[in-house]
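Produce the entire structure from the sequences given, and follow the hints as far as they go.
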Amino acid sequence: MFCPQCGASNTDNAMVCVQCGRNLQAAILAAPIQTPGVVLPPGATIQNYLVFAILATVFCCLPAGIPAIVYAAQVNGKLQAGDLAGAKAASDNAKMWCWISFGVGLGGVVLWLMLFMLGLVSGLHQS
Amino acid sequence: MRTTVNLPKNRVMAAMFLLGVAGIIMRVFDPATSGIFPPCPVRYLTGLYCPGCGSLRAMHALLHGELGRAWAMNPLMIVMLPFVTYGLVSAALLELRGKGLPEVVLPATWIRAIGVAVIVFGIARNLPLYPFDLLAPGALLHLQ
Numbered sequence: 001m002f003c004p005q006c007g008a009s010n011t012d013n014a015m016v017c018v019q020c021g022r023n024l025q026a027a028i029l030a031a032p033i034q035t036p037g038v039v040l041p042p043g044a045t046i047q048n049y050l051v052f053a054i055l056a057t058v059f060c061c062l063p064a065g066i067p068a069i070v071y072a073a074q075v076n077g078k079l080q081a082g083d084l085a086g087a088k089a090a091s092d093n094a095k096m097w098c099w100i101s102f103g104v105g106l107g108g109v110v111l112w113l114m115l116f117m118l119g120l121v122s123g124l125h126q127s
Numbered sequence: 001m002r003t004t005v006n007l008p009k010n011r012v013m014a015a016m017f018l019l020g021v022a023g024i025i026m027r028v029f030d031p032a033t034s035g036i037f038p039p040c041p042v043r044y045l046t047g048l049y050c051p052g053c054g055s056l057r058a059m060h061a062l063l064h065g066e067l068g069r070a071w072a073m074n075p076l077m078i079v080m081l082p083f084v085t086y087g088l089v090s091a092a093l094l095e096l097r098g099k100g101l102p103e104v105v106l107p108a109t110w111i112r113a114i115g116v117a118v119i120v121f122g123i124a125r126n127l128p129l130y131p132f133d134l135l136a137p138g139a140l141l142h143l144q
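Top line first, the protein sequences correspond to chains A and B.
Our numbering puts the first residue of the first sequence at 1, with every later residue one more than the last.
Our numbering puts the first residue of the second sequence at 1, with every later residue one more than the last.
All clues given are correct.
Non-contacting residues of chain A with respect to chain B, defined by C-beta distances greater than 10 Å in every case (computed): (1) M1; (2) N10; (3) A14; (4) C20; (5) A85; (6) A89; (7) N93.
To spell it out: a stretch of chain A is covered by chain B in this simulated footprint if at least three of its residues, at any positions, have a beta carbon under 8 Å from a beta carbon of chain B; those stretches are: (8) 47-58; (9) 63-74; (10) 105-118.
Bear in mind the hints are in silico, worked out from the structure with no lab data behind them.
Backbone N, C-alpha and C fix where the C-beta goes; we use that ideal spot for every residue, glycine too.
Structure below.
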């Protein structure tokens, strides 16, 4: 990779730039994704919906969030590799699985409340 | 963690309203004893704990300031909570003022590691072996 500060060539896993000493790991994490041949407009990102995937999986008891996490990883992986189209496709899939989780969760809650109110499940409590 | 999401402002408001209502419900009603909360579908159908089992009871405990009890119910949720909160606040701010909080773009391997950690946690808390059985919801509360 090239140092974003002085432009010196460094190995891909270098912690600091060999020429100017800039922290390259921080640069990787913070800088907009720039790969040779790929131009993303400033400030533009391809969303990976990771927060919502984790929300669905861990906070809402919904294993449907797992595919969303997998696709979130694909988004960032393909961005790192410069595959914009692939990242966009993975992003759409991540979004879709988040919505599936949300829809199934919401539907389940509504259904449960309806059954609860009808008194049909008054004896069936979660252990 | 990438947090941007294109929700119109009124949907942010709707989300905050729903979050508030959910918070009130989770504080007032105890998921351990009240039947108004739906059971975890995984637990209901298979009898196994999923990675999210105990998260409702953990939220209930948190809203009553009982961090230790919340941790016992679902430690993974407590670990994830600060990050998810940050991400949600950032997503809301992005809509409301056009700019989110500073972002960290996680390498793909880290995200896969999170996914693997969630699955491993889900398996481990079902194992009837010490110390894994302590990960089952509430197990730490009975440790003497």
